[in-house]
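Chain residues, written in single-letter form:
Protein chains: 2
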Amino acid sequence: MHVMVIGAAGMVGRKLVERLAVQEGALGATLSRLSLVDVAEPPVPAALAAIASSRTLDLSAPGAAGTLAAARPDFIFHLAAVVSGEAEADFEKGYRVNLDGTRALFEAIRLEALNAPYRPRLIFASSIAVFGAPFPARIDDTFFATPLTSYGTQKAISELLLADYSRRGFFDGIGLRLPTICIRPGKPNKAASGFFSNILREPLAGKEAVLPVEEDVRHWFASPRAAVGFFLHAARLDLAQVGVRRNLTMPGLSARVGEQIEALRRVAGDKAVRLIRREPDPAIREIVAGWPADFDASRARALGFRAEASFDEIIRVHIEDELGGRL
Amino acid sequence: MHVMVIGAAGMVGRKLVERLAVQEGALGATLSRLSLVDVAEPPVPAALAAIASSRTLDLSAPGAAGTLAAARPDFIFHLAAVVSGEAEADFEKGYRVNLDGTRALFEAIRLEALNAPYRPRLIFASSIAVFGAPFPARIDDTFFATPLTSYGTQKAISELLLADYSRRGFFDGIGLRLPTICIRPGKPNKAASGFFSNILREPLAGKEAVLPVEEDVRHWFASPRAAVGFFLHAARLDLAQVGVRRNLTMPGLSARVGEQIEALRRVAGDKAVRLIRREPDPAIREIVAGWPADFDASRARALGFRAEASFDEIIRVHIEDELGGRL
Numbered sequence: 094m095h096v097m098v099i100g101a102a103g104m105v106g107r108k109l110v111e112r113l114a115v116q117e118g119a120l121g122a123t124l125s126r127l128s129l130v131d132v133a134e135p136p137v138p139a140a141l142a143a144i145a146s147s148r149t150l151d152l153s154a155p156g157a158a159g160t161l162a163a164a165r166p167d168f169i170f171h172l173a174a175v176v177s178g179e180a181e182a183d184f185e186k187g188y189r190v191n192l193d194g195t196r197a198l199f200e201a202i203r204l205e206a207l208n209a210p211y212r213p214r215l216i217f218a219s220s221i222a223v224f225g226a227p228f229p230a231r232i233d234d235t236f237f238a239t240p241l242t243s244y245g246t247q248k249a250i251s252e253l254l255l256a257d258y259s260r261r262g263f264f265d266g267i268g269l270r271l272p273t274i275c276i277r278p279g280k281p282n283k284a285a286s287g288f289f290s291n292i293l294r295e296p297l298a299g300k301e302a303v304l305p306v307e308e309d310v311r312h313w314f315a316s317p318r319a320a321v322g323f324f325l326h327a328a329r330l331d332l333a334q335v336g337v338r339r340n341l342t343m344p345g346l347s348a349r350v351g352e353q354i355e356a357l358r359r360v361a362g363d364k365a366v367r368l369i370r371r372e373p374d375p376a377i378r379e380i381v382a383g384w385p386a387d388f389d390a391s392r393a394r395a396l397g398f399r400a401e402a403s404f405d406e407i408i409r410v411h412i413e414d415e416l417g418g419r420l
Numbered sequence: 094m095h096v097m098v099i100g101a102a103g104m105v106g107r108k109l110v111e112r113l114a115v116q117e118g119a120l121g122a123t124l125s126r127l128s129l130v131d132v133a134e135p136p137v138p139a140a141l142a143a144i145a146s147s148r149t150l151d152l153s154a155p156g157a158a159g160t161l162a163a164a165r166p167d168f169i170f171h172l173a174a175v176v177s178g179e180a181e182a183d184f185e186k187g188y189r190v191n192l193d194g195t196r197a198l199f200e201a202i203r204l205e206a207l208n209a210p211y212r213p214r215l216i217f218a219s220s221i222a223v224f225g226a227p228f229p230a231r232i233d234d235t236f237f238a239t240p241l242t243s244y245g246t247q248k249a250i251s252e253l254l255l256a257d258y259s260r261r262g263f264f265d266g267i268g269l270r271l272p273t274i275c276i277r278p279g280k281p282n283k284a285a286s287g288f289f290s291n292i293l294r295e296p297l298a299g300k301e302a303v304l305p306v307e308e309d310v311r312h313w314f315a316s317p318r319a320a321v322g323f324f325l326h327a328a329r330l331d332l333a334q335v336g337v338r339r340n341l342t343m344p345g346l347s348a349r350v351g352e353q354i355e356a357l358r359r360v361a362g363d364k365a366v367r368l369i370r371r372e373p374d375p376a377i378r379e380i381v382a383g384w385p386a387d388f389d390a391s392r393a394r395a396l397g398f399r400a401e402a403s404f405d406e407i408i409r410v411h412i413e414d415e416l417g418g419r420l
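Protein sequence lines, in the order shown, are assigned to chains A and B.
Here the numbering used here is used: the first residue of the first sequence is 94, the next is one more, and so on.
Here the numbering used here is used: the first residue of the second sequence is 94, the next is one more, and so on.
Since the hints were derived computationally from the structure, they do not count as laboratory data.
Misleading hints may appear alongside valid ones.
Note that the list lumps identical chains together, so a pair holds whenever it fits in one copy or between two copies.
[As the list claims (entries may be wrong)] Distance condition first, Cα-Cα at most 25 Å in a straight line; then the derived SDA-like pairs of lysine to any residue:
no., residue 1, residue 2
1, K280, I369
2, K108, R359
3, K364, L325
4, K108, I377
5, K300, R318
6, K364, E379
7, K280, I412
8, K186, N208
9, K186, A209
10, K280, E179
11, K186, V337
12, K364, A133
13, K186, G159
14, K186, D265
15, K186, E200
16, K300, I232
17, K186, P155
All of these numbers come straight from a predicted model, not from anything done at the bench.
Input sequences plus hints: build the corresponding full structure.
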């Protein structure tokens, strides 16, 4: 089985590939070839060096998507995207990469099948950014997509294309709307959502972190490990069960910042909590107020997708996966 | 005020232009220039000959959209589209015209503003085809778009683009999801929805019509006159009232085929009803079963959009507008 990961140098892409390296049969079949693609050189795990190749390529460049489809992978994980802030700051780049790049991939698959029968499984990373305020207290699976960012618009359009190309039989696609991934490994960043991870990751490493909002702010989370799990489950799932509505809000944990902090206290003590410095930032508070706080996600749960049930669990996953299992 | 109608040779486009010819100030300001555009030569009403020009042009052809935006119309009515059946039969043409053509227009407006400030009002003809079964008994304004046709997908994508371009300030856009237009003037056609009009229009003209479904089939309707009214109202509306959710399900009449027939009986007598020949067609029945039957449309109604309240009224509109006011 030939698997291609587009966006393999990103955080979730890398973790997905690392999981394929350690968990044989993660996709329900033997991995015979692995193609890793990104605009920056994607890392190749040593355990997969014999079957993996990496390729530096911009999906939106002329001919790029055709080159990928010509390799006829059986599974395509498409995680490549310009992130929300950049797509908002650079209108043309966001549409070129997130919309035109995705559509070029879909078209390349459709056209490749004109040469000889070809219908890969395609798993697409979408986002809860397809939703825009105002929201009901809990967003159900039939709530409409009215994005308030160009990034969310590009993801919502990609979802529609994915559903139509799947309905037409050009590929067997599924779109996964990821929750905000927490705890993101790495350094604190300036993304408006960064603090959700910073206030846990930094104190766990004995460092200070800044909290720019009140403790009653509620949002929707899953760990990086859960996100990888969504992609692997989507790859194995019988999509006939999913029907024609191919884009699913993934399960997650709805939690307040205060709950994050109490979980940190239980796992790492008061000392860790004291490292959180409160510096209210009205600009960040306003951005975050437009974000969804809670979802129903019952379709995805019924289909077997699973996320964490508590922030204690999300913190434990971080300690196991990023800190070698100990504080 | 310079007004451009793209798709001016289509049924609704022609009626919109005819209305501009007879109703001075229909748009709340003096019409100083009228540009009519379509792939087929659009007719120019005699009363507007002094200020109107017509242009035969394919919006999806290279450079075409730029030519239109360079004329800097204050109002753009965009009604041009490949219809549902054709977009399903010819995948590439549907996407080229309905998606790429629309996006080319939006992009041309954005780029035109780089030369000198420009922000037209753009009124877009969308469709209830953005919705796909299964439905609740009544579809509210927050129900999601999961189209079951490529045409519906292209309209849903255009809606998302329209909302994002409006949010960004590139134009002041509004999308109108039209009900099934009934009674369509002209000859019976093979469209799956054709019978809804045929069973009224033909008997009103003393001719036979075929009914391929049962009388309990329910669907969502507005007259051609109401559709023109939607466009004119959208042109005059203060879009700040509409907010960022710029695509609206237009009001309509939810009615069963049996109610259509009873209205025909009241207006034109048993003789007319006897001209309806029942010829059940399982293929058409199955297509129509996937269509929406009823909408809430309370947002559009609150914003002042109006449609007919009974099929008697829809039939009277047809008699007035198409049959010179008498049977």
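Results for each hint:
{"no.": "1", "hint": "K280 <-> I369", "verdict": "within (16 Å within a copy, 73 Å between copies)"}
{"no.": "2", "hint": "K108 <-> R359", "verdict": "neither (27 Å within a copy, 69 Å between copies)"}
{"no.": "3", "hint": "K364 <-> L325", "verdict": "neither (37 Å within a copy, 65 Å between copies)"}
{"no.": "4", "hint": "K108 <-> I377", "verdict": "neither (29 Å within a copy, 49 Å between copies)"}
{"no.": "5", "hint": "K300 <-> R318", "verdict": "within (23 Å within a copy, 68 Å between copies)"}
{"no.": "6", "hint": "K364 <-> E379", "verdict": "neither (30 Å within a copy, 66 Å between copies)"}
{"no.": "7", "hint": "K280 <-> I412", "verdict": "within (16 Å within a copy, 71 Å between copies)"}
{"no.": "8", "hint": "K186 <-> N208", "verdict": "between (32 Å within a copy, 21 Å between copies)"}
{"no.": "9", "hint": "K186 <-> A209", "verdict": "between (33 Å within a copy, 23 Å between copies)"}
{"no.": "10", "hint": "K280 <-> E179", "verdict": "within (18 Å within a copy, 52 Å between copies)"}
{"no.": "11", "hint": "K186 <-> V337", "verdict": "between (30 Å within a copy, 23 Å between copies)"}
{"no.": "12", "hint": "K364 <-> A133", "verdict": "neither (39 Å within a copy, 75 Å between copies)"}
{"no.": "13", "hint": "K186 <-> G159", "verdict": "both (20 Å within a copy, 20 Å between copies)"}
{"no.": "14", "hint": "K186 <-> D265", "verdict": "between (28 Å within a copy, 23 Å between copies)"}
{"no.": "15", "hint": "K186 <-> E200", "verdict": "both (20 Å within a copy, 14 Å between copies)"}
{"no.": "16", "hint": "K300 <-> I232", "verdict": "neither (35 Å within a copy, 51 Å between copies)"}
{"no.": "17", "hint": "K186 <-> P155", "verdict": "both (15 Å within a copy, 21 Å between copies)"}
Violation of the numbered hints given earlier is confined to hints 2, 3, 4, 6, 12 and 16; the remaining hints are satisfied by the structure.
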